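Visitor: Keeping their order, the protein sequence lines are chains Y and W.
Residue numbers 1 to 219, in this note's numbering, belong to the letters of the first sequence in order.
Residue numbers 220 to 359, in this note's numbering, belong to the letters of the second sequence in order.
These aren't lab readings, by the way, just hints derived from the structure by calculation.
Since the structure is predicted, the reported quantities are computational estimates derived from the model, not experimental observations.
Watch out, some of these pointers could steer you wrong.
20 Å max Cα-Cα, derived SDA-like pairs, lysine to any residue [to be verified]:
#1 Y:157 to Y:131
#2 Y:24 to W:317
#3 W:319 to Y:20
#4 Y:68 to W:271
#5 Y:207 to W:346
These are the residues of each chain, in order.
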Amino acid sequence: MVRYGLVIDLAKCIGCRSCVAACKNENFVQPGNYWNFVLEYEQGRYPNVRRIFVPINCQHCENPPCVKACPVKAISKNEYGVVLIDYDKCKGYRYCIAACPYGVIHFIDKEKTLYPNGEKTPYEAIPAEARHPLHRKKPGISEKCTLCWHRIEKALKEGKKPGSDYDTSPACVPVCPAGARYFGDLDDPNSEVSKLIASRRAIQLKKEYGTRPQVYYLV
Amino acid sequence: MRFKFAVLLAIAALFLFAACTQKPEVKEVVKEKVVEKEVPMNLWDTAEKIRSGEIDVGDEYGMELGKRWHNIHAEVLGLKCSYCHISSYADDFVYQRKYKLPVRGAPGVVDRAICLGCHKQNGPAKELYMNAGVEGVMNR
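Let's have the full structure, built from the sequences with the hints guiding it.
Guide: Given below as structure tokens:
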């Protein structure tokens, strides 16, 4: 079995938000919504204070509550472990947003453009039919991180190994200047992600919900 | 000087004697009427009645007031707004949409830990969350 996931090294993350910007750019995420976000926390007492940055995106859980909550079964987990929303089936009921304990699903209330006057940038003006189905978003639906499935799917079709280079990895992984993000097959014991999880202290967020996320954080 | 001190001491002793000899008032204890409180609803029965349609919560799915979600939680279960909608998250709370207000002016943010009480594995409500440590059950 193949189960794609992420490993994020919190000791390396400097909170630059390159991953956030790369994701927004790659996935046509409109202003106000984000598939990837960096939370900041302050630890300690003056003068021994430090900031911790926690990049958070869809955890692509093994037991995804969003899949169970959706009344129209618009969310599913594919054979590679990636949880995806079908925009054609989604009716915007937002039960997935209510169920997700990580808050990674966003609702597209109305179309927003980068320019406040509504004028579209050349990038935003790319018609829906010219985009990958996962980028054909419209008002009234929910959206979230897809682990750049469009890149992984293309790599698999071309016979390349996902995660082997820039174009076959999720956009947030290769852009990290600190090298804090890793992508790979969690079921492959020889993959970099598996070795990191085995050799370092790796945690999952909100284990009490029993979601079994496929994103691990090295602390 | 000694005389004045003796006079003050005598006055203090007099007050002390008066205080000690006062009888406590006996108040009649009036038993309050015992008001029978409503028996808390059985969540399991209520959930079953909703699933079977015995309790009509509407067919319109959605998070807005008047639609199914709030009909179940606010109307049938009687959860107060403040039970779910908190004013802010704790500083160390991990939640991606932590700084984003809900759409359509919904009051405050919702702490998802509230949902875990009923929507847990083998809970009364629709099972959304599993017990920690349960193997993945989703078909891939």
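Visitor: Does each hint hold? Answer for all of them.
Guide: Status of the hints after comparison with the structure:
With a C-alpha separation of about 18 Å, the suggested pair residue 157 of chain Y and residue 131 of chain Y falls inside the 20 Å cut-off, and the hint holds. Distance hint between residue 24 of chain Y and residue 317 of chain W is fulfilled; the C-alpha atoms sit about 18 Å from each other, no more than 20 Å. About 16 Å separates the Cα atoms of residue 319 of chain W and residue 20 of chain Y, which keeps this hinted pair within 20 Å; it holds. For the hint pairing residue 68 of chain Y with residue 271 of chain W, the CA-to-CA distance comes to about 19 Å; that is within 20 Å, so the pair holds.
Among the hinted pairs, residue 207 of chain Y with residue 346 of chain W is consistent with the structure: their alpha-carbon atoms are about 16 Å apart, no more than 20 Å.
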